[in-house]
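Number of protein chains: 2
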Amino acid sequence: MENKVYVIGMGPGDAGLMCKSADEILRQCDTIIGYTVYIDLLKDHYPGKEFLTTHMTQEAKRCEMAFEEAKKGKMVAMVCSGDAGVYGMSGLMLEIGAEYPDIKVEVVPGITAALSGGAVLGAPLTHDFAVISLSDRLTPWEKIEQRLECAAKGDFAICIYNPSSKGRPDYLKRACDILLKVLPAERICGTVENIGREGESSKLYTLGELRDAQVNMFTTVFIGNSMTKEIGGRMVTPRGYRI
Amino acid sequence: MENKVYVIGMGPGDAGLMCKSADEILRQCDTIIGYTVYIDLLKDHYPGKEFLTTHMTQEAKRCEMAFEEAKKGKMVAMVCSGDAGVYGMSGLMLEIGAEYPDIKVEVVPGITAALSGGAVLGAPLTHDFAVISLSDRLTPWEKIEQRLECAAKGDFAICIYNPSSKGRPDYLKRACDILLKVLPAERICGTVENIGREGESSKLYTLGELRDAQVNMFTTVFIGNSMTKEIGGRMVTPRGYRI
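Residue numbers (this note's numbering), protein chains in the order written: chain A, 1 to 243; chain B, 1001 to 1243.
Hint data in this document are derived by calculation from the structure and do not stem from the laboratory.
Hints should not be assumed to be uniformly reliable.
[Said to hold, decoys possible] Below, computed lysine-lysine pairings styled on DSS-like, alpha-carbon distance capped at 30 angstroms:
#1 B:1229 x A:229
#2 A:104 x A:43
#3 B:1181 x A:181
#4 A:20 x B:1104
#5 B:1229 x A:4
#6 B:1153 x B:1143
#7 B:1071 x B:1049
#8 B:1173 x A:153
#9 B:1229 x A:71
#10 A:181 x B:1143
#11 B:1153 x B:1104
#12 A:49 x B:1020
#13 A:74 x A:49
#14 B:1143 x A:173
My request is simple: use the sequences and hints to build the entire structure.
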């Protein structure tokens, strides 16, 4: 049998928002590897599996563990929240996989927060959009600023991941200040918290109000484009400009 | 019972790439409405349902049909390929839904082509990215040009939907020419065709080569960012800039 490691996007957390293929692979595999928080969400649904975890900053070690377990002949699944390819582990798995040429990496997509959060708010991303993370752990802040500015100038709807954390409580405010140089303060925005998990909630703002909104590492933020409107409490970006 | 219409993203077509919630709703509902091509993909999996279809340009009529059926007391699901919120029907459903205040619209997310195609290619969208459709049926071409230029200037990885159709065979070439004003001809790109369906295939290019690639309405195109590389035939964008 071919040695293979699966990199799986588990979606936002709710079992119903996982793909059927992902669920089947998790049922069949021997070993499930992931960041502690995600393993805790999964554990009870997949009894009898071997679970391996590492902490947030140990991504490379986590990948090596996956390949080493696969080398022993085990069927291994590395899980990520959302989609494995959006700020997830599939890139690093393929990079580290170059050292394990006999083990194939198969990526199974999942519902990323732009989609699951968008569904909660209504339809904020129906037209062209950009996804930007405010985490500067692996990216210089200047690069993030440049992307925010370009996305605003391109009239993209924008979905912001990692808007805040303990170490950087004011990052969403800084991002809004950059956007406000290009976009009007009345621009419709929305936030979703704990998508597909206990305590899910959402709220609409103007961009001016969003600047002072309370967000945390479980919040996903949506900035409308020039056509976005509120309809009955939902955030809606029309599909085109000629309707 | 509350009258409700579900707007469901069915993913790329493969039943395994649909969310479990979407599948459950389709099993429970009375009526499934969608564009002819997608209904044909679903029909055999959901026997005993009432299927209603309209052609591609009749989106508003399709939405009205959904609400009218729900008004009769039926449980109705409107299906879209990929995610209902990404160039899908959830925006228009919420707009038309304003005329049916007693009927709630619930959006169920799905795997959009940026994610399913990305998984086939490897990990092209691991970092910040932009999604742009080249269809000018509902959007002026100048707006599309502006977005391509801004996405390139922001060093976003870019995922292009609707790169070509019978009526506009040279649109990908035109888009590449705009990108090539900002990006080098050596930039790594990839295409995926018939994602999650019969005949799935993928290919890597440079941006210079992509300009002359054969694509069609079932192709999704990926343009790397400045860090994207090829590793063992896969397209990989590293997660950060400091590894």
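A quick look at each hint next to the structure:
no.: 1; hint: B:1229 x A:229; result: 39 angstroms, violated
no.: 2; hint: A:104 x A:43; result: 25 angstroms, holds
no.: 3; hint: B:1181 x A:181; result: 26 angstroms, holds
no.: 4; hint: A:20 x B:1104; result: 27 angstroms, holds
no.: 5; hint: B:1229 x A:4; result: 22 angstroms, holds
no.: 6; hint: B:1153 x B:1143; result: 15 angstroms, holds
no.: 7; hint: B:1071 x B:1049; result: 17 angstroms, holds
no.: 8; hint: B:1173 x A:153; result: 23 angstroms, holds
no.: 9; hint: B:1229 x A:71; result: 26 angstroms, holds
no.: 10; hint: A:181 x B:1143; result: 20 angstroms, holds
no.: 11; hint: B:1153 x B:1104; result: 41 angstroms, violated
no.: 12; hint: A:49 x B:1020; result: 21 angstroms, holds
no.: 13; hint: A:74 x A:49; result: 11 angstroms, holds
no.: 14; hint: B:1143 x A:173; result: 28 angstroms, holds
Going through the hint list in order, the structure does not satisfy hints 1 and 11.
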